[in-house]
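**Student:** This is what each chain is made of:
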Amino acid sequence: MSTATTQKITLAKGLNMGLRKAMEDDDKVLLMGEDVGKLGGVFRITDGLQKDFGEDRVIDSPLAESGIVGTAVGMALRGYRPVVEIQFDGFVYPAYDQIVCQVAKYTYRSQGKVKMPIVIRIPFGGGIGAVEHHSESPEAQFAHTPGLKVVACSNPVDGYWMIQQAIAHDDPVIFLEPKRQYHADKAELDESATPEPLFTSRVVRPGTDATVLAYGPTVKTALKCAEAAESEGRSLEVIDLRTLSPLDMAPVYESVRRTGRCVVTHEAHVNLGMGAELAARVTEQCFYSLEAPVLRVGAFDTPYPPSRIEEEYLPDLDRVLDAVDRSFSY
Amino acid sequence: MSDPASPRSDTFGPDLAEVFGPSQSDGGPDLVQLLTPEGERVHHPEFDHDFSAEELRGLYRDMVLTRRIDVEATALQRHGELGIWAQLLGQEAAQIGAGRALRPQDYVFPTYREHGVAYCKGVDPLRLLGLFRGVDQGGWDPNENNFGLYTIVIGAQTLHATGYAMGMQRDGVVGTGDPERDAAVIAHFGDGASSQGDVNEAFIFAASYNAPVVFFCQNNQWAISEPIERQTRIPLYQRALGFGFPGIRVDGNDVLATYAVTKAALQRAREGNGPSFVEAYTYRMGAHTTTDDPTRYRLNDELEHWKLKDPIERLKVYLRRNGLVDQEFFDSLDAEAKELGHHLREGCKALPDPKPLDQFGYVFSEMTEEIAAQRDGFAAYLESFEESHA
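Residue numbers (our numbering), protein chains in the order written: chain U, 1 to 330; chain L, 1 to 390.
Bear in mind the hints are in silico, worked out from the structure with no lab data behind them. Each hint should be verified, as a subset may be incorrect.
Looking from chain L toward chain U, a few residues come up when the C-beta cut is under 8 Å (computed) [stated by the list, open to error]: (1) V153; (2) M168; (3) R170; (4) G172; (5) Y362.
Glycine residues also receive a C-beta, built at the ideal position from the N, C-alpha and C atoms.
Just chain L, same shape as in the assembly (with noise of 0.2 Å):
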């Protein structure tokens, strides 16, 4: 009998359990990597890039911010300020390295976990606290930095980037050859999210409308409890050659691959040449949620595995062996640092909370009679407990 659970073997097509053997567990062999886990500076024949000494302290910087988000965000929940908060821990590299490939005309389509997409594209970060605080949905304009709102729903945003981006091709911002005026858009989701039907949905429409898409996936290994292997017999790059467009696995522990990767994919899009798929290789190092026990479902082993993955640790010791940094930096960073927490602290704590009659707003563009009724009649029956009061 065989294990439902292990990948089989089959006579039909190639041997499964190989896809899943030993060799996977580093990302395989098509994975694209910049920069080793200790910290060497490797070349890809086919995504390179010529990092200036700026470009890799602001990619370090942009990591260390970003994992300052997340950590000031988690304590922020422990101490009940935020209901739940989304982790990030492990997944910075893969987050800055797309958000930093993105021009100002591209739009990003997030779930719920982009924060550091979230601060490429310039919202700021205490935005982002409200949804997980229960002050508001989403307390940024789409439309002001072209980063939409967080979705909730697994993949259902990857149809909404697809449709923006048929919508950017009607608009004619899409191979004219023009830099500035060429546009992309960008969907982010998860591992978990690859066997949703709206995911396979959007491949096909992207892939049948050419559309300007580039489908980019955080493959964190974990979708909560449920592994990469509860959703997949196959890498999930590969997947994208099904639907008929590239797919790439990209070290997305690696800024400067991750960044590559993106770019090229981007830029692909941009020119009209149709979606793409970047799988970015990563490790959830955190919990799903504040509200999940990892300790329950993985072993502590595999968590201490991806640590010397560390995405912000490998770029630091490059800069520093290659003496692109000193001490001023980091001590500016550390600065810099503080001040965006303590920016988070205060600012979380200020953020007002919704009075009671708002609930009645936005439902529609306009209010409707039948909902101004209900507000009119739930604001008099507050009114009535204050003069009971008076």
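Next comes chain U alone, as it looks inside the complex (with noise of 0.2 Å):
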């Protein structure tokens, strides 16, 4: 293996890489944000980058959130790949409608005339002991939405890939990063590999007796959930979705009709989440196949908490494993 490639990388540094490789082949791709010139935003995501790109390319701005989007729009139009970062993602809702209306829309409404390749970087989820507004999962509004495609990193390796491949392709990108993990686990990557196309979900780890789904932060809370209940004689295979929108769907439903059990599991309150729409799906084309209804492991469907009792609210290792048990029960 060469060793001139490879190089043992946070989440974050995966981003910042990814990040810069994208701006160094392709001159018209720009950052834009609150803080993400100097500081190197207040994840450190952008970080130096302004340094060696200059400020007409990672562009300080107002704090504005519509602004931000909305002046996007504009430079994507003339032609530019923007890429900008949302600081936290209960901060989305105030670019909301710039980003449902106009950012979703602009291909349809132009029919085809004009592409809008925007990514829209929202650190997301919970866990991390801040004040309200700063913990939120507000994926299922985007997915909700035509036009937008939304994806969702989990581990280092995949920020790395997936930040360019959202950045060179041609629609517009909600990109989601679990911000609990940006600086928590680090993981091996070799930039001479081949990654997987963008809108895929993946197997991360084998199993036969039950399938959990999960993207972003849960992912982690998945796997550690498959190694508890390999303790217990189950086996648990589990998916990262990856893409929310457009959802991927064959590894699932392949999965599910092996195993006959499907748990789903993410940050998100569970009324109208990313699980109904996944549980409505796997029930629809899986159904001889179930020996148990859907499950759902979520969050309550109540405003983030204090973060003093998070921990108490957000899906955790025993509330899936609850729910796997619960799965066998049937």
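Assemble the dimeric complex from its two separately framed chains, guided by the hints.
**Tutor:** What follows is the structure, encoded as structure tokens:
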């Protein structure tokens, strides 16, 4: 194995390297957002990029989310490929109108004459002990919007490749980054490898008894869950969805037809969340293979609670295992 | 008890009641005007332009044809050919003045009422009807004429304009000194939009980056039924100063002044001197759209008052009085307007309806498997009816 192209990196580093590579490869790529320049972003994801690419390509913006996304629309119309950073998930709502009415609709409205290659990066999810609006999971709201593609990375290697693929893609991509994982685990990155296509899900742990679907921050939870289940004699297959819109369901159907059981876990509220869509599709396509109803493990249908009790709100190892147990009780 | 709907007097700062006093009904003392409602040519120390007879006739022709587009489209709506139409009656001078001040390389970000600007940019007026007929959502290629698609969400396009202008800066087409190369953007919006967050954010971004964008507000006094007093406590053009760029109020019913002021603002932007705000002080003589009923919220006296300021009539008076036109000019223009009306009437009815399966196209730059599956399923469903009838 060549050591020249491999290194151990965090998710934050993977994203930083991916952004750098995308900017080197295409001089139409611009970064825009609050604090993305000198500070390198509040999570340091854009660290050092303004220094190397200049203020015209790494643009510190006024504190106005609708303004950031709305001006990115204009930049895209002029032929640029803007990558905007929303500082925290809960701050995306001021830009919601521009995202769902303008970014998502321009290609349709123009009957394909105009492309909208914008990437909207959103550090999402909880577990960092933050104050309100800093820990939310708004993915279903964007996945519900035709015209947007929504992806969620879960590990450093995917972070590196997926951000480049999202930037190179001609449609708008909501790019969700599990902020709890930014500086958590390291993984080996081989820059010379051929990445998997962007809009695909992936089996990250094979198993035979039940399928656990996860994305973003809950992939790690699901993998821990599979480890714990193994000690109890159950073999769980874990699928990292990676793409939420469009969904890549073929590996999911294949898995559930084999295992007969399916548990979905995400940090977002259960009501009308991604789990509802996944459960409906799995039921429709795998009805005769299912041994139990598809079960969902997510956050409660309450606003994000004070951080002292967020561990009681977010789906954790025990709650996912409990759902697996319930699945086997049918 | 003070009436909350009326302008307040404040102990802090100027007496705001004065700002909204009777002097404002004619646009106030700062109104830039080159042609009075009576058709008298007046001069302005800062904004003037030596119009040739040909230019003046051209501007008159443009306004007449623009009004014809509006009148025909309104009639088409009344005949059930359009679902709705956003009328511009009374705003011809504001739009033609702004539209004719543009150079080909300048880019327009319109609302849904910029029919006159579209005409100036070379967009076939027939193409404007598709959106209102419900056969498309903008039937023109925005990059063909540098005229963006109509934007329904109030003020959203001012941010697109600002971003586009920032792109122009990066492309090096601002402040080069080459008049054929230097370019600017114009963002159109109304007085109601001035209350939107997006418009205020656009002002901040444009000022912060010194973007080459002209914010062109047609203050037609009414945002559907909401009067201008419900949008602002100070004259709109004065807001610009608070954002750090110049604002100017021009008589929006005076095509000469609108042209001169917009030309200067665009030139300032092209030269790299940043954004500016033009408030075209005008009046919407028609309804907001054809679904609206202005008699429910405004007095007929007001309309009669503004009819005396009709933008077309005043230029006509000037042209006649100065012997710049003859009967042949009017006859020829009349024939041209009739031909345009015919083009719109016949063309509108001939606009093809989209096919049921067209709705699946162009959600993305390339068809996704998911949408293709829905399209194919729907196609099979439709075909099942054809078979049952066979």
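**Student:** Tell me the hint numbers this structure goes against, listed in increasing order.
**Tutor:** Failing hint: just 4.
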